[in-house]
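*Asks:* Spelled out, the chains give:
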Amino acid sequence: MANKSYQEIITDGLWTNNPALVQLLGLCPLLAVTGSVVNALGLGLATTLVLIGSNLSVSMIRHYVPDTVRLPAFVMIIASFVTCIELVSQAFTYDLYLSLGIFIPLIVTNCAILGRAEAFARKNPLTESFIDGLMMGVGFTLVLLVLGAMREIIGQGTLFSDMDLLLGPIAAGWKVTLIDDYRGFLFAILPPGAFIGMGLLIALKSIIDNRIKTYQDAHRDRSSVTDRRVRVTGEIK
Amino acid sequence: MALLKITSPHMSSAGKTGDVMLTVVLATLPGLALLTWFFGWGNLINIAWASLVAVSCEALVISIRQRSVMFYLTDYSALLTGVLIGLSLPSLAPWWLTLIATSFAIIFAKHLYGGMGQNPFNPAMVGYALVLIAFPVEMTSWLAPKSLPGNDQIPSFLQTLTAIFPFVGGEAVDAFTMATPLDTFKHKGEQLAAQLWASEPVLSPSSWLAWQSISAGYLLGGAYLLYKKVFTWHTPVALLVAMTIISGIFWLIDPDSYGSPLLHLLGGATMLGAFFIATDPVSSATSVKGRLYYGAAIGILVYIIRTWGNYPDAIAFAVLLMNFAAPFIDYYTQPRTYGHQISHQKTRSGQ
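Chains Y and S are the protein sequences, given in the same order. One point on numbering: in our numbering, the residue at position 57 of the first sequence is 57, and numbering is uninterrupted. One point on numbering: in our numbering, the residue at position 321 of the second sequence is 321, and numbering is uninterrupted.
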């Protein structure tokens, strides 16, 4: 197959084929842990690291694993990386590990990771697979962050609260209280709020895509249009 | 659609959507009047505010969607949504609570799904469920009814207005709030039902009279709607009968811990739900047999959630759950065309 250029891989991961907004993969952690920015960032980083690791390994072994057993092999690889990440987060960011709970081990079942191994890393060389894993991970993390920020602002009226759980004592003072005496909007923190927020983000992406398309259509060189024959029914003599 | 040409006698009935919606709004009046008599001006102000919000949101979204604003506003469906939300919220619900519920109902539950006639869920109940989940404290404090002896603290019109819109100024209202009968019954703990009826002020005869009369008011409005043939009897009757049967069975088994059918029929929003909410023509089941199943399932679900769930009243959740199921019910209850078998039976037998 024709390999994609690096630029295509990057735009695919970040925008056109974003795992969260377009492929809608990994919705379970996406919806469950985006109650605050710190949870979103923690899970995003963990997912990105697993994605990079699994993409690299799958790409390396792509000539040796028979097609019939590839899925168990991929899942084993992903599970080992998730275990590494879980132990790392347990060692260095124990409070965050507690607040993310089951969702770190559940990265194994995140279809975005298996999806990239199956759809990309298994068919592409090492560098491409690395960039794909990184960019898909970053794209996923960005969506998590936006959704986490949205839900944290609406739900609690704060932004970047408890960032020291992930980034250490430097981030202890990062908490921004946007609305004083905010009584909280529990709905945004609960799962339905996540679904609605996600729907709004997807709608926003569609709006932006449509704007870009109309802009491009309007500014396209008209030469390609003029030599197309326009067929008219009726009145042809 | 070609209309059949039928010879006389012709039946005249409410033809336009707007007429139907206004009839429904009119039919809420007995219940609303009793609500105002027993609980003060709060619900009246809430209804006015909710209707204003609903109609403004409707106009805003329709103009964004570039449709004819007047055409859609005069079907009065947004007005009805506002009225139903205003009726179901507690009478001293603060202005922002009503604003959130109503704007969410119109913008998210109605127009994001395609507007009038396209919404799979009852908009008023989506708005109500949203604020019930998000603000449980505000949603469960009701005023004590006026009929309760010693309750001389029903706030005046002006006091109610400043309680709902605190930024207008004025003194804080010191009103006497209490739980609803269903809420009290739910949290009775180890007490026996008979003790509860004897000791709790909200279940005393004078307070129970208020709740009972309001339900009777809705029943009256519902009967008027049946008389005007706005909907058929199937949904409300199935709902009420199912609820009576299931609550009756448990009450007969153990009258000390389960509420009587009367408590379930008259103590909460059952009548409002049965006649004004479950009968929404857009989001309910449409076939005749389907409406029976739909109503009965709502009645049973309400009882289940009230008795074993986390919420004291459950009309909103039961109606929303059954809205999910309405297309499914309709699929399995398609009326048989004369001379034909029902389509899915045909596929099952492999013809």
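Source of the hints: derived by calculation from the structure; they are not laboratory data. Mixed in with the good hints there might be a few duds.
Derived CB-CB ranges, DEER-like [to be verified]:
id	chain 1	residue 1	chain 2	residue 2	range
1	S	Gln66	Y	Leu200	48 to 56 Å
2	S	Leu26	Y	Gly115	54 to 62 Å
3	S	Pro166	Y	Gly115	35 to 43 Å
4	S	Thr17	Y	Leu24	32 to 40 Å
5	S	Trp96	Y	Ala172	26 to 34 Å
6	S	Asp254	Y	Arg183	36 to 44 Å
7	Y	Pro191	S	Ala33	36 to 44 Å
Virtual Cβ for every residue (Gly too), placed ideally from N, Cα, C.
*Asks:* Could you say whether the range 35 to 43 Å given as a hint is met by the Cβ separation of Pro166 of chain S and Gly115 of chain Y?
*Replies:* violated (52 Å)
*Asks:* Would you say the C-beta atoms of Leu26 of chain S and Gly115 of chain Y sit inside 54 to 62 Å of each other?
*Replies:* Cβ of Leu26 of chain S to Cβ of Gly115 of chain Y: about 56 Å, so the range 54 to 62 Å holds.
*Asks:* Between Gln66 of chain S and Leu200 of chain Y, does the C-beta distance stay in 48 to 56 Å?
*Replies:* violated (21 Å)
*Asks:* With 26 to 34 Å as the target window, see if Trp96 of chain S and Ala172 of chain Y comply at their CB atoms.
*Replies:* holds (33 Å)
*Asks:* Evaluate the given range 32 to 40 Å for the C-beta pair formed by Thr17 of chain S and Leu24 of chain Y.
*Replies:* The hint (32 to 40 Å, Cβ to Cβ) holds, given that Thr17 of chain S and Leu24 of chain Y are roughly 36 Å apart.
*Asks:* Quick check on a hinted range of 36 to 44 Å for Pro191 of chain Y and Ala33 of chain S, using CB atoms only.
*Replies:* Because 40 Å falls inside the window, the suggested range holds.
*Asks:* Check the following: the C-beta atoms of Asp254 of chain S and Arg183 of chain Y are separated by a distance inside 36 to 44 Å.
*Replies:* Cβ of Asp254 of chain S to Cβ of Arg183 of chain Y: about 40 Å, so the range 36 to 44 Å holds.
The structure is inconsistent with the numbered hints 1, 3, although it conforms to all the rest.
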